[in-house]
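K.L.:
Here is what each chain is made of, one letter per residue.
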Amino acid sequence: MLFGSLYWYAFWFFRPLVKWFLRKTTKLCELQRVCYGEPSGASRTLGVEFSLVHSKVQRIQEVVGMMNERSENCEFTGKFLKSNIELAVISLIRVKKINPTIHTQFIKSFGRTVEQIWGYKQLTVEVENLRRTPYDASNPEHEDLLIGLWERLNPDIPLEARITKQWQDIGFQGDDPKTDFRGMGLLGLHNLYYFSDYYQKVAQHVLLHSQHPVNGYTFAIVGINLTSLAYHLLQDGAAKTHVFNFVKGSPVMRHFHQLYCYLFCEFDRFWFDSKPKSIMDFTRIIDAFEVSIRSSLANPQTVFRINMLVDTI
Amino acid sequence: MGLLAILRKLKSSPDKELRILLLGLDNAGKTTLLKSLASEDIAHITPTQGFNIKSVQSEGFRLNVWDIGGQRKIRPYWRNYFENTDVLIYVIDSADRKRLEETGQELEELLSEAALAGVPLLIYANKQDLLHAAPASEIATGLGLHTIKDRAWQIQACSATAGEGIKDGMEWISKTVKKK
Numbered sequence: 001m002l003f004g005s006l007y008w009y010a011f012w013f014f015r016p017l018v019k020w021f022l023r024k025t026t027k028l029c030e031l032q033r034v035c036y037g038e039p040s041g042a043s044r045t046l047g048v049e050f051s052l053v054h055s056k057v058q059r060i061q062e063v064v065g066m067m068n069e070r071s072e073n074c075e076f077t078g079k080f081l082k083s084n085i086e087l088a089v090i091s092l093i094r095v096k097k098i099n100p101t102i103h104t105q106f107i108k109s110f111g112r113t114v115e116q117i118w119g120y121k122q123l124t125v126e127v128e129n130l131r132r133t134p135y136d137a138s139n140p141e142h143e144d145l146l147i148g149l150w151e152r153l154n155p156d157i158p159l160e161a162r163i164t165k166q167w168q169d170i171g172f173q174g175d176d177p178k179t180d181f182r183g184m185g186l187l188g189l190h191n192l193y194y195f196s197d198y199y200q201k202v203a204q205h206v207l208l209h210s211q212h213p214v215n216g217y218t219f220a221i222v223g224i225n226l227t228s229l230a231y232h233l234l235q236d237g238a239a240k241t242h243v244f245n246f247v248k249g250s251p252v253m254r255h256f257h258q259l260y261c262y263l264f265c266e267f268d269r270f271w272f273d274s275k276p277k278s279i280m281d282f283t284r285i286i287d288a289f290e291v292s293i294r295s296s297l298a299n300p301q302t303v304f305r306i307n308m309l310v311d312t313i
Numbered sequence: 001m002g003l004l005a006i007l008r009k010l011k012s013s014p015d016k017e018l019r020i021l022l023l024g025l026d027n028a029g030k031t032t033l034l035k036s037l038a039s040e041d042i043a044h045i046t047p048t049q050g051f052n053i054k055s056v057q058s059e060g061f062r063l064n065v066w067d068i069g070g071q072r073k074i075r076p077y078w079r080n081y082f083e084n085t086d087v088l089i090y091v092i093d094s095a096d097r098k099r100l101e102e103t104g105q106e107l108e109e110l111l112s113e114a115a116l117a118g119v120p121l122l123i124y125a126n127k128q129d130l131l132h133a134a135p136a137s138e139i140a141t142g143l144g145l146h147t148i149k150d151r152a153w154q155i156q157a158c159s160a161t162a163g164e165g166i167k168d169g170m171e172w173i174s175k176t177v178k179k180k
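Chains as they are written, first to last, in this note's numbering: chain A, 1 to 313; chain B, 1 to 180.
There may be inaccurate statements among the hints.
[Said to hold, decoys possible] Partial pick of chain B residues on the chain A-facing surface, computed with a CB cut under 7 Å:
#	residue
1	D26
2	N27
3	A43
4	I45
5	P47
6	Q49
7	Q71
8	Y77
9	T147
10	T161
11	A162
[What the hints assert, rightly or not] Cβ-Cβ distance ranges computed for the label pairs, FRET-style:
#	chain 1	residue 1	chain 2	residue 2	range
12	A	D144	B	Q105	33 to 39 Å
13	B	R62	A	G78	32 to 38 Å
14	A	S40	B	A162	58 to 64 Å
15	B	R62	A	R284	19 to 25 Å
[Claimed, not checked] Below 20 Å or equal to it, Euclidean Cα-Cα: the simulated EDC-like pairs (lysine to aspartate or glutamate) are:
#	chain 1	residue 1	chain 2	residue 2
16	A	K108	A	E86
17	B	K167	B	D41
18	B	K54	B	E109
19	B	K73	A	D175
20	B	K98	A	E86
21	A	K82	A	E69
22	B	K98	B	E109
23	B	K73	A	D281
24	A	K248	A	D136
25	B	K35	A	E151
26	A	K165	B	E106
27	A	K165	A	D144
28	A	K165	B	E102
29	B	K54	A	D287
30	B	K98	A	D144
31	A	K275	A	E290
32	B	K54	A	D281
33	B	K73	A	D169
34	B	K35	B	D129
35	A	K165	B	E101
36	B	K35	B	E59
37	B	K179	B	E138
38	B	K98	A	D175
39	B	K54	A	D175
40	A	K178	B	E17
For the record, the hints were derived by calculation from the structure and aren't laboratory data. Backbone N, C-alpha and C define an ideal beta-carbon position, used for all residues, glycine too.
Could you build the full structure based on these sequences and the hints that come with them?
P.N.:
Now the structure itself:
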């Protein structure tokens, strides 16, 4: 603990000196050294983000503030995306007096990291908006998703009524799922729906596992708890390693859903490997699962890919 | 932890520990109540699969609060947590009038458990912030609380999300336990 804080004290104390020295010897600024030295993906993008966020240059701080504002207003997308990236790149090469004809590779790499950094930020805003939207049973769009979830998980079994005990078969708590989304709001439903729609066979397979009479778990409720895990990984930035390695450009909602699907498949495996005695072991197992996911994400090379084969005989 | 907090901790005598069991149907608001007691963020709550435990300092007591999931499938496991309970807190969603009967039956079963005999009972009539919430008096009558003679009991109207009424319930607990 003491040595940790001493290290950081020394790090911040000597950082300007080290930067100055490297700049003089390599004739490159820190951002260039990161973009040329680190492989594309999380290592590079996290390095650039660190450098930009901690820059003491006023113009860079202004640009960072502007980019933050635009991504928070969800303007970091579509037709604005290109002009936003250009603005960041042009401001930077002016401030750092970088010759754009010599450093074309740098400009390309730097532009891509800008796209990733603020695309991620925008995604956190979009995810937060969806989480804050409560499930509303009077909204036909919400209801259609809920019914759609059932149909994808159980294509051969019709739902007898909107309020029915059948919901418990896919792991909701009672006769009406509407109260189960709670603090995860519509985000929980969107995640479950995407999983059942995009990876239908996998989701059906996981559902079947979850229905094991002794060692099973409640599919939908565990799913909503996994939404909470994915949400927190995204919001506190732990998911950045995976996202920056997984998505070349600007991450969007689909990528969040895919992270969720990965977590679901892995949790299913983790649950049975942990040999639960009953559902009361859930807290212990999900906590251990989170620790394992976070330690994977601490490695800058980590990228999560769904690794579940389903035999369709 | 700040220096002041450490000093205070060293100075104060060790608090009496109380084991509190938090039960009720799913969506009653048990986890919100638990987090609200622990002054934690209540915006990101998910349905409790299994249970949550928290240690909370309140009214000169150290409360070890066990919050057990309320869905029907989990209710058979409630009994695993009965042993050595000092106080039972039963949470009711006052706005869920359709399930008042169900929650009454579950409570009745709990009160007939030998392992919980004589354990003081605090009922939180939660979600009073909702327009169609039943008042605590109506719930008390509906559940026939006045017929309980074998233990100390209290019903307290509250809103766990707004943090209202919770303190009054905890004060009742501390008074009741000190009397014992």
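K.L.:
If a hint holds in the structure, say so; if it does not, say that too.
P.N.:
How the hints compare with the structure:
1. Against a cut-off of 7 Å between C-beta atoms, the interface hint on B/D26 holds, since the closest Cβ of chain A lies about 4 Å away.
2. For B/N27, the interface hint holds, since its Cβ comes within 7 Å of a Cβ in chain A; the closest pair sits about 4 Å apart.
3. Among the interface hints, the one on B/A43 holds; its C-beta lies about 6 Å from the nearest C-beta in chain A, closer than the 7 Å criterion.
4. The beta carbon of B/I45 comes within 4 Å of a beta carbon in chain A, closer than 7 Å, and the hint placing it at the interface holds.
5. Below 7 Å, beta-carbon pairs count as interface contacts, and B/P47 has one with chain A at about 5 Å; its hint therefore holds.
6. Hint on B/Q49 holds. Least Cβ distance to chain A is approximately 4 Å, under the 7 Å limit.
7. At its closest, the beta carbon of B/Q71 sits 4 Å from a beta carbon of chain A; the interface hint therefore holds under the 7 Å criterion.
8. Of the supplied interface hints, the one on B/Y77 holds, with its beta-carbon coming within about 5 Å of a beta-carbon of chain A, less than 7 Å.
9. Against a cut-off of 7 Å between C-beta atoms, the interface hint on B/T147 is violated, since the closest Cβ of chain A lies about 28 Å away.
10. Residue-level restraint check for B/T161 is violated (minimum Cβ-Cβ distance to chain A is 11 Å; threshold 7 Å).
11. For B/A162, the interface hint is violated, the least distance from its beta-carbon to any beta-carbon of chain A being 16 Å, above 7 Å.
12. Restraint check, A/D144 to B/Q105: a C-beta distance of roughly 35 Å satisfies the suggested window 33 to 39 Å.
13. Taking 32 to 38 Å as the suggested C-beta distance range, the pair B/R62 and A/G78 does not conform, at roughly 55 Å.
14. Take A/S40 and B/A162: their Cβ atoms lie about 49 Å apart, and the range 58 to 64 Å is violated.
15. About 23 Å separates the C-beta atoms of B/R62 and A/R284, a value consistent with the hinted range of 19 to 25 Å.
16. The straight-line distance between the Cα atoms of A/K108 and A/E86 is roughly 10 Å, inside the 20 Å bound, and the hint therefore holds.
17. For the given pair, B/K167 sits about 17 Å from B/D41 by alpha-carbon distance, which is consistent with the 20 Å threshold.
18. Proposed proximity of B/K54 and B/E109 is contradicted: the alpha carbons are some 26 Å apart, above 20 Å.
19. A hinted pair counts as satisfied when its Cα atoms are at most 20 Å apart, and B/K73 with A/D175 qualifies at roughly 13 Å.
20. Only pairs whose Cα atoms come within 20 Å are accepted, and B/K98 paired with A/E86 is rejected, the gap being roughly 59 Å.
21. For the hint linking A/K82 to A/E69, the alpha-carbon distance of about 16 Å falls within 20 Å, and the restraint holds.
22. At most 20 Å may separate the alpha-carbon atoms for a hinted pair to count; B/K98 and B/E109 meet this at roughly 19 Å.
23. Annotation: proposed proximity of B/K73 to A/D281 holds, straight-line Cα distance about 14 Å (limit 20 Å).
24. About 35 Å separates the Cα atoms of A/K248 and A/D136, which puts this hinted pair outside 20 Å; it is violated.
25. For a cut-off of 20 Å, the pair hint linking B/K35 to A/E151 is broken: about 36 Å separates their Cα positions.
26. About 19 Å separates the Cα atoms of A/K165 and B/E106, which keeps this hinted pair within 20 Å; it holds.
27. Between the alpha carbons of A/K165 and A/D144 the distance comes to roughly 18 Å, so the proposed pair stays at or under 20 Å and holds.
28. At most 20 Å may separate the alpha-carbon atoms for a hinted pair to count; A/K165 and B/E102 meet this at roughly 15 Å.
29. Restraint check: the Cα-Cα separation between B/K54 and A/D287 comes to about 15 Å, which is no more than 20 Å; the hinted pair holds.
30. Distance restraint check for B/K98 and A/D144: the Cα-Cα separation of roughly 25 Å exceeds the 20 Å cut-off, and the hinted pair is therefore not satisfied.
31. Restraint check for A/K275 and A/E290: the C-alpha separation of about 17 Å stays at or below 20 Å, so the hint holds.
32. Only pairs whose Cα atoms come within 20 Å are accepted, and B/K54 paired with A/D281 is accepted, the gap being roughly 16 Å.
33. For the given pair, B/K73 sits about 11 Å from A/D169 by alpha-carbon distance, which is consistent with the 20 Å threshold.
34. Distance check on the hinted pair: B/K35 and B/D129 sit about 18 Å apart at the alpha-carbon level, within 20 Å; holds.
35. Simply put, A/K165 and B/E101 have alpha-carbon atoms about 18 Å apart, close enough for the 20 Å limit, and the pair holds.
36. Proposed proximity of B/K35 and B/E59 is supported: the alpha carbons are some 17 Å apart, at most 20 Å.
37. Taken as a hint, the B/K179 and B/E138 pair is broken in the structure, with Cα atoms around 28 Å apart against an allowance of 20 Å.
38. Our distance criterion of 20 Å between C-alpha atoms is met by B/K98 and A/D175, whose separation comes to about 12 Å.
39. For the hint linking B/K54 to A/D175, the alpha-carbon distance of about 30 Å lies beyond 20 Å, and the restraint is violated.
40. Distance restraint check for A/K178 and B/E17: the Cα-Cα separation of roughly 38 Å exceeds the 20 Å cut-off, and the hinted pair is therefore not satisfied.
In summary, the structure is inconsistent with hints 9, 10, 11, 13, 14, 18, 20, 24, 25, 30, 37, 39, 40 from the numbered list given earlier, while agreeing with the others.
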